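Residue numbers (our numbering), protein chains in the order written: chain D, 1 to 283; chain U, 1 to 348; chain E, 1 to 133; chain S, 1 to 538.
Please keep in mind that the hints were generated in silico from the structure rather than gathered at the bench. Since we're looking at a predicted model, the values are computed, not measured. The reader is advised that the hints may include incorrect statements.
Below, simulated BS3-like cross-link-like pairs (lysine-lysine); rule was C-alpha separation at most 25 Å, straight line [what the hints assert, rightly or not]:
| no. | chain 1 | residue 1 | chain 2 | residue 2 |
| --- | --- | --- | --- | --- |
| 1 | U | 115 | D | 263 |
| 2 | D | 274 | U | 314 |
| 3 | U | 314 | U | 341 |
| 4 | D | 259 | U | 314 |
| 5 | S | 398 | S | 146 |
| 6 | E | 96 | S | 221 |
| 7 | U | 314 | D | 277 |
| 8 | U | 115 | D | 259 |
| 9 | S | 180 | S | 405 |
| 10 | U | 341 | S | 66 |
| 11 | E | 96 | S | 246 |
| 12 | U | 9 | U | 198 |
| 13 | S | 246 | E | 66 |
| 14 | D | 263 | D | 274 |
| 15 | U | 115 | U | 314 |
| 16 | U | 198 | D | 263 |
Chain D side only, calculated, beta carbon under 8 Å to chain U, not exhaustive [to be verified]:
| no. | residue |
| --- | --- |
| 17 | 60 |
| 18 | 146 |
| 19 | 246 |
| 20 | 248 |
| 21 | 249 |
| 22 | 258 |
Cβ coordinates follow ideal geometry from the N, Cα and C atoms, glycine included.
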Amino acid sequence: MTMPNSPKDLYRPRRAEIREVIVENSQIKTFVLAFVDRAHNGSFTYQPGQFMMVSVPHCGEAPISISSTPADSGTIHLSVRRAGILTAALHDMKQGDMVGLRGPYGRPFPMTALAGSDLLFVAGGIGLAPLRSVINTCLAAGHDRRITILYGSRTPSDIAFQGDLASWGQTAGVNCLLTVDRSEPGWEGEVGLVTGLFAQCALEPDESKALVCGPPMMIRAVLAQLADRGFADGNIITTMERHMKCGVGICRHCHMDDKLVCKDGPVFTLEELKRLKVMELRG
Amino acid sequence: MKDKYILKKDHLLPLLRKLKKKHRLIAPLQNLHGDTLFTEIDQLDNVRLDLANQPQNSLKRFFFPQQEVLFTYRNPTSDSYRFETAAEERPPSLYFGVRPCDLSAVLYMDVVFSKNARDPHYLHRRQNTILVGLNCNAPFANCFCNATRNGPFIDFGFDLQLTDLGDRFLVEFDRSQGQEIIREWQQFFAAADETDVKAQYQAFLEARGRFSQQVHLDLAARRLADDQVPESVWQDLSMRCQDCGGCAYICPTCTCFTIRDRQTGDHEGERIRSWDACTFSGFTRMAGDHNPVDRQMRGIEKRFRHKLQFDMEKDNRPSCVGCGRCVNICFGGTDIVLFIKMTCGENP
Amino acid sequence: MHDILTTCVYCGCGCGVYLHERRGQVVGSSPSRNHPVSRNNLCVKGWHLHEFIHHPDRLTQPLMRKNGRLTPVDWDEAMSYAARELGRIATESDGKAVGLLSSAKCTNEENYLLQKMARAALHTNNIDHCARL
Amino acid sequence: MAGLATTFGSGAMTNSINEIENAQVMLVIGSNTSEAHPQVARRIFAAMDRGARLIVVDPRRTLMAKRADIHLALRPGTDIPLLNAMMRIILDDNLADDLFIEMRTENFYGLRDMLFRIDLDETARITGVELAGIRAAARLYGRAQKAVICYCLGITQHVCGTGNVQAIANLAMLTGNVEKEDTGVDPLRGQNNVQGACDMGALPNVFPSYQQVDIDDFREKFERAWHVPLPSQPGLTLMEMTHGGKDGPLKAMFIMGENPMLSDPVIARVRETLDNLEFLLVADIFLTETAARAHVVLPAASFAEKTGTFTNSERRVQMVRRVIPPLGQSRTDADIIMELSGRLGYAMDYESPAEIMEEIAMLAPIYGGMQHDRLENSWGLQWPCWDRSHPGTPFLHKYYFTRGKGRFVPAEYKPPDELPDDDYPFLLITGRIYHQYHTGTMTRRSAQLCREAGEALLQLHPEDGRRLGVRSGDLVRMRSRRGEVQVKAQLTDAVQAGEVYTTFHFSEMPINLLTSSARDHFSQCPEYKICAVHLAKV
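With the rest of the complex left out, here is chain D (with noise of 0.2 Å):
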C-alpha cells in the first residue's frame, strides 16, 4: 500500500504578526492578523462564517471564527472573548506579537442563496463576530434587499463592533437596532432581551432568511420567536460552538451525532440541527 505523503503538514500553522488589537469591551478583543508569508498573506482568502485554528504559543489552538470581510484582502479580524487559557492568554499580546494560524476550515454560510433574500441578523455577545463577516459581505456585494440587524448586550459598555454598528446604523436599507440586558447611565436605547426588538421589524418570513448567533439561551428564545413569525426551519441558520482540536474532521472532539463541526459546519441550518441531538437547541 503505498500513498503519497502529502508535502504540506496538515497540522503545522503559519506565522502571523498581531497587526492591531482592537479593544471591543472588557471581554472581548478584535485581532488584526496578518501572515508573516507575504505570498500566502496576498493570496489567502475565505469565506464568511468560516474559522481559524489560532495557536497560541504553550496554550496550543484554539477555533476562533472570521470576523472580517474576505474583500479586505491583507489582514484577518479575529474577535476572541476571553473565556479559558488559551483566550486569556491571547487577549495579554499586543501588537507585533506572534501567532500561529491554520485554516480557513469549516463550511460557510450559503452566500448565493442569501443574496436574494431579505437578511434578518441576530445576534448576542460575540455572536455578532461570524455575522459581521457576512453583514459586511453583503454590503460590500451591494446586496438590494432589506437588512435587519438586532444586536443584544449584557449592558452598554459591553457593545462590540461600535464602528461597525454605527456605520450599519447610516446605511440605507439597512435597519439596525440595539439593545442591553442592563442598562447604564447614558443609555437611551432600549433595554430587554433582544427578542423584544422583533416587534419594531417588518419581516417577509417567506422572503427572508434568519442569521442567528449568540450564547444558547438567546438562541433558544429567538428560534421560539422566529418560529412564531412563521420562519422555515431551512430558512433559520445559526453557527455551532464545539471543543475542537484538528479543525478538519479527524479528532472528533466536535461531533454532534454524526456530524462533525468543524467539517459540516459550523453554519448549519435548524432544519439540519433538529436532526440532531443538539443541547443547545433543548435547554
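Given the structure of chain D, go ahead and fit chains U, E and S onto it with the hints provided.
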C-alpha cells in the same frame, strides 16, 4: 490453482529472515511473562513467535501512536517564531500475522485519516507497509467478528495472507507488494492445488462454527437507529462506566485524539497529539466549563452510537471489528457485547 | 519501539503495565493482559502513566542553597555537603537529632537501604514514611 | 495497621484482589473504592454481576454507594457503634460462627459482654442510620458463606482508627469470615508501595519483616548482618518528626520522595519545623513544596528509570523495571543512599538491586524466598514466602492466625476530636479523587488527567449551597481553627447536608492547612476525615 501458493511451516522462519533484511519486522511475540504482543523484532533467533493467541495490542499504535510530537516550535515571542516538523525516518515495515479483525481495523483507519483530510503523520507511517494477514482458524472466547462481518476469514485488504492448514500455510495475495514477495522469494512457495483450496474452505467452515457467543449486532444497530434502546439501558451503562477510557484505548478502531502544547524550555515547546476517549468529560468541555455533552449520562452512548449507528449509516458496516479486546476489561463490567445483548433484550 | 513490563505507581493495586520506549523516551502505557491484577485494563491514571516522566519540571541536577537560593551544583559538592551536615548532627546528638522520611513511592530495595543507612550509618531509628496519609 | 496486627497478628490484606470476585457479600467501609482502588472495585462489580451483594458504609453517596444493595450513610466517625451494633444483631440472630470462635479465637467473652451492653436505639441516634438498615446489613453479612470486608483510609484516618480496625476484625471473626479463600478483611493501601515500605522497616520501631528494634534477638541478628551496633530505642514517628515546630527534636532531616508540605496535617506546623532545621536534604523527581525548602536537593530517577520491586496491597512483590536511563544527571534513590552512606563512613556496596533483595531475603523471613530471578519470570510472589521453594501466599491465616489465635479486642466509641459547632458549623472530610494521586507531583504533570480533573472542588450539599448563596463554580472561603483556603464549590447531593468533601492533591489549595493534628494514639494516623470548618462565599 492460480495465485494460491503453499508455504511449508518449516519454511516460515527462513522466509521471515529473508524478509527482515529489507523490512522492519513486526509480529506477534509471546514474551517471558506470557503476554503476546505485536513487537518489533530485533533478533529473530531469540523470540517466540505466537500465532496461536490473539495479540493483546492491535496495530493501532504503530500507525497512530498513543503519543507523538506533531512539530516543535521555538521562540514564540519573537519574529523568529518557528514551527518545525521532526522528519521521522520510516524504513519499509512488514507486519506479520495480522488477523482479519486487525486488518479490517487498519483499513478503517486508512479511511478516517484520509477521508475528510489527509493526515500526513498517519499516512507517513502507513506508506511503505506490507501487511501479511493470518486467517483465524480458531476464534477466541471474546471474538465476534462473524457479527461484524469481517472474519474469521477475510479475502481483501492484505498484501499477503496465510491460512493455517496444519503442516503448511496456504498463501494468497491481494496487492502487488504481496505478489512481489512471492515472485522474489519463489523458492519458498509452491503452487497450491485443489486439495489445498478445499482444505482452506474446510478450515473456514470449522472456524465459523467455533464462535462461543452469538452477538446480534445488526438487530442492536437497527434498534439504535430507530431510537428503541430503552433509557434504562443507558442509565445502567452510565452507572457502570468508571471513566477509565480503556475501551477506547484498547480498541483498534477508536481514533479520537487530542492535541496540546508541551513547553520544553523557556522559548520552545512541542505540539503533541495523543489518544483521547470520547467517554471523557474533558473531550467535549469548552472553555468556561460549558459542556454540551453530559458525560455521566451520555459518555458511553455516543461511543456506541458512533460505532454501531453513525458509521453503519454512512458505510453500511459498523466501526467495530469484533476483536473482543474490550470484552471483560471494563471496570464496571460493561462492554459493547453486553450493550448489544441488553439492547436486544437478552439477559447476559 | 519496545514494551517493557513494570508495575504502576498510582495506587496499591499494583497493575502490570507496559511502558513503551522509543528512542530513549517513554511514549505510552498499556496494560498486561495476563497480569493477575490489571487483566488487560488500567484505570485512567495508569493509561496516562507515561505522561509525567519527561515533564520539563523534572529535576536533572543537584541543587544547593546558596545565599538563600537553590543553585545548581555538581554531585560531589552536593553530596559532600550533605554527608558532612548529616554526619555532624548525627554524631553530635548520637542519632537523636536526625530524622529520615522514606517513601511509599520508592522501591523495596531503596526503602531497605534507607532504613539500613538510618540505623547503621546515622545510628537512629527516626525513620518513617507516610503510610498513614 | 496496628488494629489488624493486634487481632490477627498481621496487618495486611488477607485476600488476593482477584478473590474478591468470588465473594458472596462485600462490605465496603471507609473506602471510595472505584476512585482510589479501581481494580478492586472492578472485582466487586464483577462479583455483583454474578449475584453477590454489596453493603457500603460511607457518609457520602459515592459511586460505590449508588451501586450498593445497602448503603449506610453514617455520621463520620461513628463506625465503631455501627459495627458493634451489627455484631450485636448477629449475636441476637444466632448468626455467629460458634465453632470458628471456639477453635480459632480468644477473648470472645470480652467482646460479648461489651456487645450486650449496647443499646441499639442509641446506636441509631449516634450514627444517624436507621436501625432497619443496620439490621439488614448485619443479616446479609452474617449469613454469607464467603464475605469480604474492604476498608481504607476512611477507617484508619480517625482518632479511633485502631479501634475501627479492631471492630472490623471482630465482625469478621465473629462470623468466621477469615482464614478462607475469597473471604477476609482487606485493608486497601493508599500508595503503591506503602506495604513494601512497611515490610522493609521504614518504620521507627521495626526492622524489615516487622522485627522489633527493642527485642534483643532481632536487633542482634541485624547487628551481626550489618556489622555495627544498632540503636534499641524506637525512633520518632513521621508526625513527631514533622510537627516538632521550632523546638522540635530534630536538627537535620533527609526526606526521600515524600512531600509532607502537602500531605501532612497542619501544614503551617510542618513549615515551621522544616524551616527551623539546621539541615534539610530532599531527594525527589520534582521540586516539590518540600524540596523548595531544602538546603540540598538531589535529583532522583523516576520509577521508569530504575529496577527494583514494589509490594502491592495484596502483598504481591513484583518487579519494577528500568525502561530508560535516569534523566539528565538524576540518580536512583538507591545510588543516592549508597553514596551518601559511604560518605557517612558506612560503606554500602551492592552491584545491583538484585543483590539488595538477596540481603532482604536473608533478613526478612516473610520475604525469605523472594529473589529477583524468581520475581522476573512470574507475576510476583505474595508474602509470606519463606524460602525459594515456597509458592507465596494468596490468602493469609490459613489453619491459624499469624499470632496463633485471633484475638477479639472490643472497641468502644470514641467521638471525633473536633466536631462542628456554632463557629465552625460544617464537617470537612478529605480524601482522593479518581484522576489525581496523592500530592499530585506526578498526576498534576499529566495533561490529560488535569484536563479531566485539574482543580480542587469542594463538594457541598445543594441545601447548604442555597443557604450560603453559593452556586456550583463559585469560590468559597473555607476556614478551620488552623487555617484558611479558597476553593471552588460543586453542589452535589453526594455529600450530606452539613458535610463537605474535598481533596489534598492540589498545592494551590493545600487543604491540610485546615486539617487537625489529632491522631490515633496507637497508629499515629492523623484524623483527616473529620474537622470542623466555616464556609463563606467569596
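Tested hints:
1. 115(U) / 263(D): Holds, at roughly 11 Å.
2. 274(D) / 314(U): holds, 19 Å
3. 314(U) / 341(U): Holds - the C-alpha atoms of residue 341(U) and residue 314(U) are around 23 Å apart, at most 25 Å.
4. 259(D) / 314(U): holds, 11 Å
5. 398(S) / 146(S): Roughly 14 Å between the alpha carbons, so the hint for residue 398(S) and residue 146(S) holds.
6. 96(E) / 221(S): Within the cut-off at roughly 23 Å; holds.
7. 314(U) / 277(D): Within the cut-off at roughly 18 Å; holds.
8. 115(U) / 259(D): holds, 14 Å
9. 180(S) / 405(S): holds, 15 Å
10. 341(U) / 66(S): holds, 24 Å
11. 96(E) / 246(S): Measuring from Cα to Cα gives roughly 16 Å; hence the hint holds.
12. 9(U) / 198(U): holds, 19 Å
13. 246(S) / 66(E): holds, 23 Å
14. 263(D) / 274(D): holds, 18 Å
15. 115(U) / 314(U): holds, 12 Å
16. 198(U) / 263(D): violated, 49 Å
17. 60: The hint holds - residue 60(D) has a Cβ within 8 Å of chain U, the shortest such distance being about 5 Å.
18. 146: Violated, about 34 Å.
19. 246: Holds. Min distance 7 Å.
20. 248: holds, 4 Å
21. 249: holds, 3 Å
22. 258: holds, 4 Å
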